[in-house]
Structure formats: structure tokens, C-alpha cells
Amino acid sequence: MEFFSVEFAIFFIFVIVALIALQKQKFQHFLLIIASYLFYWSTSDIFLVILLFITLITFYAGDAIHKAGNTGRKKAILIGVLVASLSFLGFFKYYNFGIDNFNTLLQLLNIDTRFSFISIFLPIGISFYTFSGLSYVFDIYLGKIEPEEYLYKYALFISYFPHLLAGPIVRAGQFLPQLKHHIVIVPAGIKLGITLIAWGFFKKIVIADTIAPIVSATFADPQGSTSFTIIVATVLFGIQIYCDFSGYIDIALGCAHIIGLHLPENFNRPYFSKSPTEFWRRWNITLSSFIKDYVYIPLGGNRKGKVRTYVNLMASMLLCGLWHGAAWNFVLWGGYQGALLSLHKMIHNRISFGKRVDQVLDTHSGLFIKILITQYFIFFGWLIFRCQNLQDMVYCAKKYLFIDFIFSRFEILAIIIIILTVVLFFILLQNQKCASCIVRLISTDWITTISGLKLSHWFVYLWVIILLLIMFSPSSRPEFIYFQF
Amino acid sequence: MKLSSRKIHPAIRIVATASFAILCAFICYFSFTAFFLNPWLENNQRELTVLNFYSHKNTSAVPEIFFIGTSQMKEGLDCYLIEDDVRAANSSVLCYNLAVNADTPLRRLTELDAIIQARPEIVVIGTDIRNMYSGEKIEESRLILVANKINLDAPSTELFDAEQLGLLHVHPLEKDIANRVYIVSYLNYLTINKLAPNSVADYEYRNNFKNPYKNVENASIEEKTARADSYDPVNDTVFSKNYGDSVNKLALKHTIRELQKNNITVIIIEMPGDPLAMQKISATTKNNYFSFLNTTGVTYYNFQDRYPSTYFHDLSHMNVQGRTSFSHDIAQIIIQDVEQ
Numbered sequence: 001m002e003f004f005s006v007e008f009a010i011f012f013i014f015v016i017v018a019l020i021a022l023q024k025q026k027f028q029h030f031l032l033i034i035a036s037y038l039f040y041w042s043t044s045d046i047f048l049v050i051l052l053f054i055t056l057i058t059f060y061a062g063d064a065i066h067k068a069g070n071t072g073r074k075k076a077i078l079i080g081v082l083v084a085s086l087s088f089l090g091f092f093k094y095y096n097f098g099i100d101n102f103n104t105l106l107q108l109l110n111i112d113t114r115f116s117f118i119s120i121f122l123p124i125g126i127s128f129y130t131f132s133g134l135s136y137v138f139d140i141y142l143g144k145i146e147p148e149e150y151l152y153k154y155a156l157f158i159s160y161f162p163h164l165l166a167g168p169i170v171r172a173g174q175f176l177p178q179l180k181h182h183i184v185i186v187p188a189g190i191k192l193g194i195t196l197i198a199w200g201f202f203k204k205i206v207i208a209d210t211i212a213p214i215v216s217a218t219f220a221d222p223q224g225s226t227s228f229t230i231i232v233a234t235v236l237f238g239i240q241i242y243c244d245f246s247g248y249i250d251i252a253l254g255c256a257h258i259i260g261l262h263l264p265e266n267f268n269r270p271y272f273s274k275s276p277t278e279f280w281r282r283w284n285i286t287l288s289s290f291i292k293d294y295v296y297i298p299l300g301g302n303r304k305g306k307v308r309t310y311v312n313l314m315a316s317m318l319l320c321g322l323w324h325g326a327a328w329n330f331v332l333w334g335g336y337q338g339a340l341l342s343l344h345k346m347i348h349n350r351i352s353f354g355k356r357v358d359q360v361l362d363t364h365s366g367l368f369i370k371i372l373i374t375q376y377f378i379f380f381g382w383l384i385f386r387c388q389n390l391q392d393m394v395y396c397a398k399k400y401l402f403i404d405f406i407f408s409r410f411e412i413l414a415i416i417i418i419i420l421t422v423v424l425f426f427i428l429l430q431n432q433k434c435a436s437c438i439v440r441l442i443s444t445d446w447i448t449t450i451s452g453l454k455l456s457h458w459f460v461y462l463w464v465i466i467l468l469l470i471m472f473s474p475s476s477r478p479e480f481i482y483f484q485f
Numbered sequence: 486m487k488l489s490s491r492k493i494h495p496a497i498r499i500v501a502t503a504s505f506a507i508l509c510a511f512i513c514y515f516s517f518t519a520f521f522l523n524p525w526l527e528n529n530q531r532e533l534t535v536l537n538f539y540s541h542k543n544t545s546a547v548p549e550i551f552f553i554g555t556s557q558m559k560e561g562l563d564c565y566l567i568e569d570d571v572r573a574a575n576s577s578v579l580c581y582n583l584a585v586n587a588d589t590p591l592r593r594l595t596e597l598d599a600i601i602q603a604r605p606e607i608v609v610i611g612t613d614i615r616n617m618y619s620g621e622k623i624e625e626s627r628l629i630l631v632a633n634k635i636n637l638d639a640p641s642t643e644l645f646d647a648e649q650l651g652l653l654h655v656h657p658l659e660k661d662i663a664n665r666v667y668i669v670s671y672l673n674y675l676t677i678n679k680l681a682p683n684s685v686a687d688y689e690y691r692n693n694f695k696n697p698y699k700n701v702e703n704a705s706i707e708e709k710t711a712r713a714d715s716y717d718p719v720n721d722t723v724f725s726k727n728y729g730d731s732v733n734k735l736a737l738k739h740t741i742r743e744l745q746k747n748n749i750t751v752i753i754i755e756m757p758g759d760p761l762a763m764q765k766i767s768a769t770t771k772n773n774y775f776s777f778l779n780t781t782g783v784t785y786y787n788f789q790d791r792y793p794s795t796y797f798h799d800l801s802h803m804n805v806q807g808r809t810s811f812s813h814d815i816a817q818i819i820i821q822d823v824e825q
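Here the protein sequences come in this chain order: W and A.
Here the first sequence stands for residues 1 to 485, numbered as in my numbering.
Here the second sequence stands for residues 486 to 825, numbered as in my numbering.
Please note: incorrect hints may appear among the correct ones.
Derived lysine-lysine pairs resembling DSS-like cross-links, with alpha carbons at most 27 Å apart [what the hints assert, rightly or not]: (1) K75(W) x K304(W); (2) K454(W) x K492(A); (3) K144(W) x K26(W); (4) K709(A) x K398(W); (5) K454(W) x K274(W); (6) K454(W) x K398(W).
It is worth saying that the hints were derived from the structure and are not from the lab.
Please take these sequences and the hints and turn them into a complete structure.
Laid out in C-alpha cells, this is it:
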């Protein structure tokens, strides 16, 4: 069952009506559990048992850790549940990758033995619900939360259908307290939810899915492409992956707002970040905070000296890369992000370009320059992320970093327009009024603003979005990119 | 309490507003397709312009020749040159290049009835060996485009699968929704194409039935060699399943049979290909293919290996030089046929 389908619309309306009809809080929770399991079964069939297994093992492990008398026992249970949960994730996600690399190693050592691959279907959302379950266990271990008394409430936390397939990774501390109250569907929640869902569909279908074929065509065979083509495809991929993932998150958040059980935000205008550190505070927020809280800080964070900080950052981001998928380009991407973060930490507040330059960098124009420089490096990361093999990656990286200055007439026209736009932007930023207007435009929470409009104005928003959805939805719709993670 | 003073629950008002927005969006979309998109498609989508040509063509005292085939024919044939050559031989014909990009004998069955109704003297079919192997899958949007505008006879109907037949008979509203895939082309036509003609898509040829080509830069020999290397070899041992009973083969035979039944002369031209690409086709495959063409019972002319690589701007399509030579050569065949 896809989000963008008549089946899901019927399913969702039925859930909402049933939630309104049910008076008892417990019945509402049971209804949502049944609905969530049905939803997961419709996408992942028999893999429902893995969801059930992760739910049971993390619930009872959390309880056992809480009851364990000493730290050693707590640690032993924690390691046990980690091994059990991650072995599932590891098997489904990394088995063939491991075998492939092991075979390559054997080949290098001139050993004839080869291990065969097995055909594995990756259960959708396994990384997300496994991490949600583990966060619950970690938080109990760290003494941040008390274990949940009722299994059904915990099961709802893990399986809650809006976040089940591609996040956000919800923490028990954010979700479980909401279950103490009766679920009330309020008009403001419905309006905000519909506003978000419409916007999410727009980002996914109109922007991401329209861009997808252009990006795929370039990265399927980039050899021979000019710098212009590679850079355009990389920028488009950056837009595609943002609109695809944040589109899903908006739909999930929208559904959650309507139901009244809220989910955490996962994106906060990441492409306006002024540094790599800020980018990771704004991109896939729930994953990066998971990695920070449960990997980076336990490794020592920045408390054990400079070198150790960089090592910790590198290790955390390599893990983040590997979480995205079983391929070396994801590992490389993680390593690259780790290096970027370390480099930023290294130079931040240590390098001064002189008082005047520093003053300029603190102005609106300076911030714009910082954003452009940061995004240049962030998008280079997307290039690493998207390339299909090392040979293509090397070729594309060369073309991205060392411009070949081969342009068609049309491309020259496009470049002139881009340069003029940037210059115009700089000129506008010199004017205090314009600058604050631009900042206000960027920082406004448009979704909340639109959902707060009176119905006649809100109608126009919905009408335009739906019209664009009908007009520009491609005939074939690729799955959400993050389903594969 | 008075009915009018009752307040509607805010949640119901929100849901009603959302439903009304959906309804209005659909009404706007269907109005847009009815007033803008569909008329544009009728004039700018080759599958439709060709169909419209057949149905609106006036009868002529001068013998008419229809050239049908793929983009190889579309880009390779200049009807003005042929008409001039025929005129020079003291004859007179009217030639029309009605080829469609990526066409296949199967898809062309959607035009068969219209061609017969247009009553040409001769139909020249440009065939291509690769065309017979593949092309059973036809893009959904191309079938939907001509849906409910065509007549299929019983044997033709049997050659399409159930899904394809479903697409050829979709509900008009569903057809309008499916035609949204052309909106980007429509917007290109109105914007980028106006600023830089021929830069994005060759809209100019779509209504051109005489010399419908777009001048393209010639690919270098290195580019062509690299491209040819990436081609799968065409070999009967590999493709025998497709080749044996391919629907395209049956569709071609049916087309010929129906045209002949209606006293229309059929000529088959095996289209020229770049020698670099032709090397990929095994000799056995070629022999089997020409044996098949023999079974059609019509005269065929083999131009497959006729021209050098310099006559092609890519591996399949001829450049100005190739187009000129090919058109003159075809004119000789036409003169010969008209004389007979």
C-alpha cells in the first residue's frame, strides 16, 4: 500500500473515522496497532514477524535492563539485544555486501574458495524501526526514561504506521507520553495535516519524481559528460533526494497530525546551512541525533581531546554512511562527511581572515557566501552518494572539482542567468530592508502559516497543489529513495 | 433551533473545503486539456498528425505515394527530391513522408484502416531488422494518444495483447489524465522552443509530411564506434524466440495483405544502416530475415549496407548527404514502378 494510492486514502479515512467512533483510549491504541500491522503487512508481507520480533525483544530487554541490579548485567543485556537486533539488520542489509567483499579478499589472497550470494529482499523500514527500538533500550540503559508498562503501547510506538517505512526515527521519550491521553482528532490537526500531506506529495511527485529520470540518465553512464552536465545532475540529485525524503516525512507528519499522535521533525531547511555541522543539525535530524547520542557521545564525543574528537566524528559518520546502504559509495560518503565535519571543527574559530573579512562574513552577504561554500561541499557529497561505481565516481569528481569549460550555447545562457541571479541576490542583500525581508521569507514556517489561513485562502493553496499534482505527476512513480535504506 | 443558525462543525468544513479543492482541480485540469493540450497534441504529436493527415486528405488525380516507417525513414527521405526526380522523368507523383519515430509494424496497425481509407497508389514501408526483433512493448502513452480514434480489424485486434487493447479503448477522462505526460512538451513548445528553435525538441517536423527532419551534428567516428560496441549483437540463436513468431512479423504481413486487398501497391525498403552498427548483425540473422521478407510476396529493396558511415549522423539515421543519396535512389525505384 503506497501513500499515494486510493487504497491508502480509504485505509486512512477508515482509521480516522474509527478513531473518532471509539471512545476508549485502549481501543483506540489497539485499532492503531492493527492498522499499522495491516499497513506493514501490505508492503512487506511475511516480514511482519521481524517487526514483531524487534518489538518483543527490545520491550523485554528494556524491562530487564531496568530491573537488572548491577551495571555489568545491564551491559550484558544491552549487548545481547544489540547483537540480536542488529544481526537481523546486518543479515538483510549487509550479507551480500559482506560476501562480495570477502570473495574479493579471497581472490586477492589467491584462494579459490568463493561464497555464493543469496537472494534477499530487504524488509522496508527495517533500519528505522530497529533504530527506534534500540533508542528505547539505550535510553533506559542511560537512565533517560522509565520502561513502558504496557506492551501494546510499546508496540504502537514501534509500529505506528506513519513513520514505519522511512522514518523519522522516533524516540520513546517523544512518543510514549502522548499515549497517556485519549486521542482527540481536532480541526486544527486535520488542517495542518492536510496542508503537510499535500506539500509532501508535491515535493515527492512533482519535484523529485520529475527530476529522477534526468538524474538517472546522467549517472547511468556519466563517462564523456561535461562538467556542466555533471554539476547540473548533482544539484538536481541533491534536490531530488531532499524532496523525496522530506516529502515522505511531510506526508508521515501530516498523517500523524491528523491522528493526533505527533512525530518529530526531520528536516529544517538543510540547504540553508552555513556549515557542515549545521547541515547535520538540519538534515535527517532524527538519524543524526541518534548517531550523536548513541555513537558519537558514548565514544567520547569532544571530551577526549582534539584527535579523538576527529576520530569519533569519522567513526560516527562512517556508520551513518553504512546505515544508508551496503555499498562502498555510502561508506565513502560517510567518510567524506566525517572529514568535512572534522575539518570544519578544526578551522572553526581558529582561522581568521582579518578583521574586515570577518566583519563581511558576519553580514547577510557573508552568510550567503558561507551557505554557497557549504552547499558546494555538501553537493559534492551527493555526487559520491549517487555514483554507481568507483570509476564513475572518479570521473564525476574530476568534472565537478575541475571545470572543463565545455559549454553549449544554451548552457552559456543558463550560466549567465545563474550568475546574474546570484549577483542580483548580493545586491538585494546590501539593502537592510531587502535582506531582512529575504531572511523573513526563508525562516517563516510556511506550512503553519498556510494551515492558519482562513478556509477560502486555504482552499486556493490546496487547489493549486492538487492541480499541479494532476498535471505533473509522472506516469511511472519511483519508490521513495529512503525505502531502500 | 432554526436550521440556518446551526453551526457546521469546523472539521466538516475543513474536509468539505479539501474535497471541493480536489473537485475544482480536476475541473480545471479537464478544461485545460480540452481547450489547450488536446488541440495542441492534434497538431504536434506525430502519431496524431499522421492520423489526421490520412483522414483529412483530399483525393488527388496525381498518384500518391505514402512512405511509412521509423525515424530512419522520417529523417532519411526528402519527398521534394523524389517528386523533382520523377518530374524530370516526365511523370508525376505526390510523395508523403508519414514515418513516425520508433515505429513498429505492430503500432502501425493503428493506422492501417486510415491508410486504406486515404487510398494511396503506392505504400512504401521502410523496415529495419532490429524492428522485427523488438518493439512488442509499445509505450502506453503512444497507444492512449490514438485511443478511440482508430478502427482495428479482427486480425489486428488479435495481435495486440489485452493490456494494449485496454489502452486503445480507455475512457476519454482517463485518456485526458494520461495525456498529462505531454504537458512538459507543451510548455517546452511554448517557451524554450520559441527562444531556441530546435534546441530541445524538433517540433518543426511534426506537421511536415514532405521533408520532416532536424539537422543534427554528425557524431564522430569514435563516438559511433563506442556506441556500436555497446550494442547487443543481433543473432538468431539469441533472439530466435522473438524472431520466430514475433507479432511485428505478423503485423507486417497483415498490413501488406490488407493493403494489397485494397489494390494498393506495396514496396518494402530495408532501410540503410551505418556499417558500424550493421556489423553487429550476424550473417545468418540477415539471411533468415531476408527469407522472411521473401515470404511477404512483395518486392523488397535492400539498402542495408548501401552507404558508407559518413552518410549517417549516428548509427541509424542519415545526414544531409545520406538523405540526398537515399532520396535519389528511392526516386529511381518509384520511376521504375510508375513506368510499369
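**Message:** Output the indices of the hints that this structure fails to meet, ascending.
**Reply:** Result: hints 5 and 6 break, sorted rising.
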